[in-house]
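Residue-level listing of the chains:
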Amino acid sequence: MSDVRVRPMTELDIEGICRIDERITGKYRPEVWEQRAAYYLRRDPDSSQVAEADGRVVGFMLGEVRGGEFGLEEPTGWVEFFGVDPSSREKGVGRRLIEALLGHFRSKGAHVARTMVAAQDKDIAAFIAAMGFAPAPLTALEKRL
Amino acid sequence: MKDEVRTLPKQYHDAIEHWQRHNFPDYPKLAEEWDRFFPKDQSFCLCAKIAEDIPSQIEVGDRKGEAKALAPRDLPDEAAQHLLMQIKAQASTEFGSIQQHQGTLARAQEPQDHAWALRVMAEELRHGYQMVHLLTSADWSPVTKTKAADMVEEILSMQTGSHVLAAFNLEYDSFLDNVVFAAFIDRVGKYQLTMQKISAYKPYASSMPPMLREEAFHLAAGVIPLRRWVEAAARGDGYITMQDIQKAIGKWFGRGLEMFGDERGGQTNVKYGLKDMANREAQDKYIDELQRMLDDLDERYVRARFPSAGRDESEKRFARIKAGETVDGIAPEDLLRLPDRRFFRRRGEYAYQMVGTHGESFSDVELYIAHVLANLPDAYRASIDVKHWADLQREVSRGEMPLKDAINSMPRLARMGGGCPCAKSVRWVQESAAS
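Here the protein sequences come in this chain order: Y and S. Taking my numbering, the leading residue of the first sequence gets 1, the next gets one more, and so forth. Taking my numbering, the leading residue of the second sequence gets 1001, the next gets one more, and so forth.
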């Protein structure tokens, strides 16, 4: 893999993101990623990041700064969706993406970044921990309806 | 990194709202649709937004490193003239695109597409407002004898057919044009704003980042509906065919290229630090980006034609078709493609050269006109614009008209004052406000 370039996501990255999602989940969900990309592009197009190598998207990380979620008034950088192409893992792509995203969060006045990880996603939990995230004094609760 | 928000003096603010009532009557619907389609987004603001983190030194050109101009008089005369032309042209595009979108907005088939186009229009109105702010918040007297109020009046009087750039003088034929315009022409807008972000005139540079952020969604509002339409076309259950989209591309691509200016020009803007790329360089990047967009759309089309084939197999098929093969009934001409950059050109280096969509040369003008017509949408073929072009093409090809005259000719180009149907222009609003 040649040099990786990390840059803000554009509308032309949607298919690349679909490709990575499909390689990870086995599902082709273009409508889902179109809606998500449109959401982030219209709210803060400089925030969400993609990693590109040889002209192809090999990783993405979507998120934004919001305040007022769950009664947390301080501006918070939310890391919400991310994925790295399986063939591009263990090459620092995830680290590069999260560094770019956190840098943007800081420039928007956020002093804290938050995310949630499913308990069974051990790899993601390990990656997030390696990036300096620690358990928060908040508990995720749910009730099946 | 927060933008400063500014409002125009009352007479100009009122003039833009007055213009909106006549040219963008659907604007109030945006507030009705906002919560459904843009929940949690900051509400729309008709205001000027000024980015605060803009470099104070000139970034390119002969005066690189010197302080950026804070007023027009701080610029060399020729640079100030170029700058004023840029701002007026930019303003014309913003208001012009709203007039174009409005004509076919209501024909959107999907409520989301309608809401997205509506938001795009409102943000173009804000961009026009931003340009009026630039014209009315500085002393332009060292550059022009025209007063700010008259410059604003001229811009607000323009109609489809009297705008500065040809792309804004074409009527939309259907909602397909709203979408293709957003994908192709707003993309030129993105390039212009990006180039102008380094402007040696700091108030202009400071206006670019907020506009660029909004422009990112405008491009999505073009590309995402196109993505869905090509998939529906592949399944055979859509209302818009690949040929429809291809012909719309034929209508807009050349006009988009011409918005960059003549391929051989643009160095003066770089020299004065007003833009960071000359015209051809920017145009080349634009073409590369469009090619990438069409590749994505075509891949999605091929994938949808054979949904059980899987990603890897689908990508292989697309690569073979793109290379010229017909694969499982899909021929290269079934996919979307960019016409040759010299096709159907009316300005610039290739103006009125008879070059076809695949780069083939024509020597018979009637054959060329037939070729162009075959590659344009039916409704557009019936327009005065196409007839005007065909007449000029014949005259240029037969040596009956100098190329320069043809390049400068547009149908209904005469600029008319009092374009407002109720004849209440900027001055009227001013007098009313004063009384």
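Hints in this document: simulated from the structure, not taken from any laboratory. Mixed in with the good hints there might be a few duds.
Said to hold, decoys possible - Here are some of the chain S residues that sit facing chain Y, going by a computed Cβ distance under 7 Å:
#1 Leu1008
#2 Lys1010
#3 Phe1037
#4 Arg1213
#5 Ile1224
#6 Leu1290
#7 Met1293
#8 Asp1296
#9 Gly1356
#10 Gly1359
Claimed, not checked - Straight-line Cα separation of at most 16 Å, EDC-like style, residue types lysine to aspartate or glutamate; simulated pairs:
#11 Lys1002/S / Glu69/Y
#12 Lys1040/S / Glu69/Y
#13 Lys108/Y / Glu1066/S
Ideal Cβ placement from N, Cα and C applies to all residues, glycine included.
Tested hints:
This hint is violated: Leu1008/S has a C-beta 25 Å from the nearest C-beta of chain Y, more than the 7 Å allowed. A distance limit of 7 Å between C-beta atoms decides the matter here; for Lys1010/S the minimum to chain Y is near 30 Å, and the interface restraint is violated. Checking Phe1037/S against chain Y by beta carbon gives a least distance of about 10 Å; that is not within 7 Å, so the hint is violated. Annotation: interface hint on Arg1213/S holds; nearest CB of chain Y at approximately 5 Å, less than 7 Å.
At a threshold of 7 Å, the smallest CB-CB gap from Ile1224/S to chain Y is about 5 Å, leaving the interface hint in force. For Leu1290/S, the shortest C-beta to C-beta distance to chain Y is roughly 10 Å, which exceeds 7 Å, and the interface hint is violated. Against a cut-off of 7 Å between C-beta atoms, the interface hint on Met1293/S holds, since the closest Cβ of chain Y lies about 6 Å away. The beta carbon of Asp1296/S is positioned within 7 Å of a beta carbon in chain Y (closest approach about 4 Å), and the interface hint is therefore held.
Taken as an interface hint, Gly1356/S does not check out: its beta carbon lies about 27 Å from the nearest beta carbon of chain Y, beyond 7 Å. About 24 Å separates the beta-carbon of Gly1359/S from the nearest beta-carbon of chain Y, more than 7 Å, and the hint is not met. Distance hint between Lys1002/S and Glu69/Y is unfulfilled; the C-alpha atoms sit about 20 Å from each other, more than 16 Å. A threshold of 16 Å between alpha carbons decides the hint, and for Lys1040/S with Glu69/Y the separation of about 11 Å falls inside it, so the pair holds.
A C-alpha spacing of about 29 Å is found between Lys108/Y and Glu1066/S, which places the hinted pair above 16 Å, so the restraint is violated.
This entry does not satisfy hints 1, 2, 3, 6, 9, 10, 11 and 13, going by the numbered hints stated previously.
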